[in-house]
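A.B. asks: Listed here are the chains, written in short residue letters.
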Amino acid sequence: MTTEGNNRSRVLLIGLVVAAVIILVKLFYIQIVEDKYKINASNNSMVYDIIYPTRGIIYDRNGKIIVSNKVTYDILVTPREVTPFDTLMLATTLDVSPDFIRDKMAEYDKNRKKIGYQSMVMLKQIKPETYMKFAELQYNFPGFRGQVRSIRDYPVNAGGNLLGYVSEVDQKYIEAHPGEYRPGDYAGKTGIEAAREKDLRGEKGYHIYLRNSRNQIEMRYKDGEMDKEAVPGHDIVTTIDADLQQYGQQLMQNKVGSLVAIEPKTGEILSLVSSPGVDVSMLADISQHYNEIIKDPHKPMFNRAVQAPYPPGSVFKLVNGLIGLQEGTLNMDMAYPCSHGYHFGNHKLGCHGHRSPLKLEEAIMMSCNGFFCYVLKNILENRKYKSIDESLDKWHDYVQSFGFGRKLGSDFPAELGGTLPTSKLYNKRYGKGGWKFTTIISISIGQGEVGVTPLQIANLAATVANRGWYKIPHIVKASEGVEIEPQYYERQYTMVDTTNFKKVVKGMWRAVNNGPGTGCTAAIAEVKGLDICGKTGTAQNPRGADNSVFICFAPMDDPKIAVAAYVENAGFGATWAAPIASLLIEKYLRGETSRPDLEKRVMEGNLMSRVKAYK
Amino acid sequence: MGNFSDRGVKGSIDWRLVIYYLLLVIIGWINIYASIHSENPTSIFDFNFRCGKQFVWILTSLGLATLILFAINSQFWRSASLPMYLFVLGLLVLVIFVSKDVKGSHSWFEFGPVKFQPAEISKITTSLLLASVMSQTNFKITRLKDFLLTAIIIGIPMLVILAESETGSALVYAGFIFVMYREGFSGWWLFGIGMAVLLFILTLTASPYISLLVLVGVIMAVGVVCSGKTGAVFWINLGVLALLCLMPWILEKTVKPDSFLDKVKPMYILIGLCVCAIPYFFVKGYRDRKRYISISTLGLIAGIALVFSTDFIFNNILQDHQRKRIEVLLGMKEDPSGVGYNVNQSMIAIGSGGLTGKGFLNGTQTTFGFVPEQSTDFIFCTVGEEWGFIGCFVVILLYVLLIWRIIVDAEKSREAFTRIYGYCVAACIFMHLFINVGMTIGLMPVIGIPLPLLSYGGSSLWAFTVLIFIFIALYRQEKKYY
Chain W
886 MTTEGNNRSR VLLIGLVVAA VIILVKLFYI QIVEDKYKIN ASNNSMVYDI
936 IYPTRGIIYD RNGKIIVSNK VTYDILVTPR EVTPFDTLML ATTLDVSPDF
986 IRDKMAEYDK NRKKIGYQSM VMLKQIKPET YMKFAELQYN FPGFRGQVRS
1036 IRDYPVNAGG NLLGYVSEVD QKYIEAHPGE YRPGDYAGKT GIEAAREKDL
1086 RGEKGYHIYL RNSRNQIEMR YKDGEMDKEA VPGHDIVTTI DADLQQYGQQ
1136 LMQNKVGSLV AIEPKTGEIL SLVSSPGVDV SMLADISQHY NEIIKDPHKP
1186 MFNRAVQAPY PPGSVFKLVN GLIGLQEGTL NMDMAYPCSH GYHFGNHKLG
1236 CHGHRSPLKL EEAIMMSCNG FFCYVLKNIL ENRKYKSIDE SLDKWHDYVQ
1286 SFGFGRKLGS DFPAELGGTL PTSKLYNKRY GKGGWKFTTI ISISIGQGEV
1336 GVTPLQIANL AATVANRGWY KIPHIVKASE GVEIEPQYYE RQYTMVDTTN
1386 FKKVVKGMWR AVNNGPGTGC TAAIAEVKGL DICGKTGTAQ NPRGADNSVF
1436 ICFAPMDDPK IAVAAYVENA GFGATWAAPI ASLLIEKYLR GETSRPDLEK
1486 RVMEGNLMSR VKAYK
Chain C
58 MGNFSDRGVK GSIDWRLVIY YLLLVIIGWI NIYASIHSEN PTSIFDFNFR
108 CGKQFVWILT SLGLATLILF AINSQFWRSA SLPMYLFVLG LLVLVIFVSK
158 DVKGSHSWFE FGPVKFQPAE ISKITTSLLL ASVMSQTNFK ITRLKDFLLT
208 AIIIGIPMLV ILAESETGSA LVYAGFIFVM YREGFSGWWL FGIGMAVLLF
258 ILTLTASPYI SLLVLVGVIM AVGVVCSGKT GAVFWINLGV LALLCLMPWI
308 LEKTVKPDSF LDKVKPMYIL IGLCVCAIPY FFVKGYRDRK RYISISTLGL
358 IAGIALVFST DFIFNNILQD HQRKRIEVLL GMKEDPSGVG YNVNQSMIAI
408 GSGGLTGKGF LNGTQTTFGF VPEQSTDFIF CTVGEEWGFI GCFVVILLYV
458 LLIWRIIVDA EKSREAFTRI YGYCVAACIF MHLFINVGMT IGLMPVIGIP
508 LPLLSYGGSS LWAFTVLIFI FIALYRQEKK YY
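Line by line, the protein sequences give chains W and C. The first sequence begins at 886 in our numbering and counts up one residue at a time. The second sequence begins at 58 in our numbering and counts up one residue at a time.
Hints in this document: simulated from the structure, not taken from any laboratory. These numbers come from a predicted model, not from an experiment. Any given hint might turn out to be false.
[As the list claims (entries may be wrong)] Derived CB-CB ranges, DEER-like: (1) C:W72 with W:R965: 45 to 51 Å; (2) W:Y1058 with C:A220: 28 to 34 Å; (3) C:L454 with W:P1371: 43 to 49 Å; (4) W:Y1378 with C:V155: 34 to 40 Å; (5) C:V155 with W:K1271: 38 to 44 Å; (6) C:A231 with W:N947: 56 to 62 Å; (7) W:Y1024 with C:L79: 53 to 59 Å; (8) W:R965 with C:A220: 34 to 40 Å.
[Said to hold, decoys possible] So the derived list for chain W, only partly shown, Cβ under 7 Å to chain C, looks like this: (9) L897; (10) I899; (11) L901; (12) V903; (13) A905; (14) L912; (15) Q916; (16) V1033.
Quick reminder that beta carbons are idealized off the backbone N, C-alpha and C, glycines included.
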């Protein structure tokens, strides 16, 4: 064993020496033999010139460019290389005040130890013309140089909130993405720019130059062999129709609210307006306008369409009706009376005047409150369930299967899920057994604890249009080099059978097309030949006048578009939301409007004075 | 080496090991200072910077070393090896669930400002348990039961560390095979593993055909070595092999495209021959009672299987970033900007050092932040750039001396426990050294593990200090028996 062991230990020692020799030979090779890795003159060193990639372009669904890039310049200064210069001349060339330059230089001087040989960005995003002037005189200012930088350019004014903005990364952002960014880099912060940052940004490159002992840049290192070219970002194709988006923005101008249109078959978002929004002209240089935007009392950065939890109002009756049909507590032949509302004890939940009793189809057409109180009552007092707790939670599950009370899972990073009550909530509020149907009666007409985003009710319209399923709404289309998550291709079924959906569509058709004077609620939305099916809603708003709500889709038999319009403090659903949605549909399907008067009224309508600003 | 210190003066410490250790630690500290050095002259003791922190780590490490040498009974290590092993294994598993994601790996415990990696300590506990198990008197590595036990002790922490996505640290455990070899494990296994790596690389870089030819050639050579004679069969086989080597070239020259012969690929012929030969050699091996023939045949089958599964392993089992690193290393893809960036930068830094280096604090590549992880995994770049080939030579030499001395001491030990533990220590240091330095000079793929004693970092320095000083303490105990 000992001799055998000694033998083996010798083998291992030889192995150790061989490994060390391999390393040393390779070291000898790269340090002494090969001069590929060497820089000849003793004091030379390399200078890295960062090449920024061009950011990907954003297209609309028809190939129209909605975001592209334009060239600007940054002025860089390497304080170590600066020699005394004519401050005034530099200031006039660069179009800044001499004090600005003096302050900057003083600041660099103070931090000179920290800065070392690094270059600092002194001025950002100057115009090409200014840069040209500077370039001519650059020899007067050693240590200063310009660097090309591309910034965002918006050829059409479509969807500021949707697109999001790009701005310089701050320390917090750099730390949140370790190894990906350095100070001076830009990144998408909201909207598509943020959601698709990884695709859009591309990869930085660099050119390596050699600096001689007098700190002058002499030549390309190794003729550029070790350089890295920047890789441009991927282009993104969105599902947005730029023309429709622009039209929608015009319809919503001077109103607060949202307008969302979805292609039902694909879940692709055709337009998504949040009003008031951020104008694209501010996006390119957001830091300049940031204070102005933040101070705006109507919070333009707040994307109402995917974030605001609004009471849905009567459009929610569709959901309750569908659940009733599925649970068997409602059928097409049941009729319920309504005498200006639903009476219970000394209270009543009021309704407008219409004939009585009604069946489901006409109850949808006329949006009868009383009828839908019975619908929810029967759902919640279903003998099938042991208690109202259980039946309410069942109801909650149904509603959730429509995409309410949770995030839909769209590709908006900021999407929120709204609110939806459970028995737990009511037990907490009223005590166990301390509440019954009449306590929570307001949820039968979409008030109370139900909060939905405009995107969610647009998705409801799409679900009804598809007779029972939806695809998760999304805004980015798959294109070359850009993939989208597979769930966007999958049909999402609700817990209600598809056969039951067919039963409510007729009511929605009649709500729009039954002819004026017959009690239908949305005659104003009718467009001959388009077969728009819709449902109005008028939701109470504790902060002033009621909100006007309308969801619809068209055409009835082969739906191409589903729309939700939500206008804050605008009154009845039929007054503002219905015409806005109807005009949008007509524009999309016909390309132009047949109702210029209505269009004019809507576009010129200014409801801002009714809206209380947030403080 | 028969000097007086070996002759058992009571409880003397092997001061040479301590000196190598101290030299390496100090070189590390100086280079960490240089690697973060900029125009801003900071003190090497400034606690705000890594060099100052490293100073604290060094002091605490020396404290640990003193504790191990003078306060802890060295018998403790043996008796506590199993509970310590299990405890650290528990930490290794726990860290997967509680740690933050650091560049894809889940291996760090964080307590406020203090971070540590259980994978570092696991090397120590695994070594101790290995030594304790393998030093039992009835232990024989050639017995299947004992071999499996060893494989499990090494394999479990290795797999858990792989699950933490710390491929580098896991690879270090492969070094324990050298310990197994020393303790009687067949050298053919080492040879086999080496061949497997060679075939894998050849299949990727050249072609499966060439790699199969090499396999057949090597197995024939083995046959000659084992039988000690070259019979007629051998010469015939050699002729066939030579013909097969020329086959692609001949076929290309003589056969017209689209003719029948064009469909005959050299590969098919080779495989056909192998398929015929395998049963023949099996029967022959059995009949002649020659084990080497049977085993070579098995080796041939395993080799063929490996060659044909290489693509699958490479494309389906390896993770994306690992595949890229291997592709770059083998020169299959030029990628000086992406994965190749680190290697390129580190080779520029080292290469620019030349013979004598640019001098202390005069490095430009390392201090301006072109080299990533310059004070941790790529600390060797600073050595290479500022001290040149001479500096690198000295550092490598110190490591070789350290490992050499540990092995020599281990061989001198009377107790198997000390000897085996010593080999474990040597294997760990060697693996770290070869992988880390190999990575910075483009010999190995980019695998992030620290350079022992030199790299910045408390948990690594502590771990290697404890690893080495336990051996020094054990060896010192040994001498008391003389």
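A.B. asks: All hints, please: hold or fail.
C.D. replies: Tested hints:
Between W72 of chain C and R965 of chain W, the C-beta spacing of about 48 Å keeps the proposed range 45 to 51 Å intact. Taken as a hint, the range 28 to 34 Å holds for the pair Y1058 of chain W and A220 of chain C, whose Cβ atoms sit roughly 31 Å apart. At about 57 Å, the beta-carbon gap between L454 of chain C and P1371 of chain W misses the expected band of 43 to 49 Å. The hinted window of 34 to 40 Å between Y1378 of chain W and V155 of chain C holds, with their beta carbons roughly 39 Å apart.
Checked against the given bound of 38 to 44 Å, the beta carbons of V155 of chain C and K1271 of chain W, roughly 42 Å apart, stay inside it. The hint said 56 to 62 Å for the Cβ distance between A231 of chain C and N947 of chain W, and at roughly 58 Å that hint holds. Our hint of 53 to 59 Å for Y1024 of chain W and L79 of chain C holds, since their Cβ atoms are close to 55 Å apart. Separation of R965 of chain W from A220 of chain C is about 48 Å and departs from the stated range, judged on CB atoms against 34 to 40 Å.
About 6 Å separates the beta-carbon of L897 of chain W from the nearest beta-carbon of chain C, less than 7 Å, and the hint is met. Taking 7 Å as the C-beta contact cut-off toward chain C, the hint placing I899 of chain W at the interface is violated, the least distance being around 11 Å. Checking L901 of chain W against chain C: minimum C-beta separation of about 6 Å stays under 7 Å; hint holds. Below 7 Å, beta-carbon pairs count as interface contacts, and V903 of chain W has none with chain C, the closest being about 11 Å; its hint is therefore violated.
For A905 of chain W, the interface hint holds, the least distance from its beta-carbon to any beta-carbon of chain C being 5 Å, beneath 7 Å. For L912 of chain W, the interface hint holds, the least distance from its beta-carbon to any beta-carbon of chain C being 5 Å, beneath 7 Å. Proximity of Q916 of chain W to chain C holds as hinted, the smallest CB-CB distance being about 4 Å (cut-off 7 Å). Against a cut-off of 7 Å between C-beta atoms, the interface hint on V1033 of chain W is violated, since the closest Cβ of chain C lies about 19 Å away.
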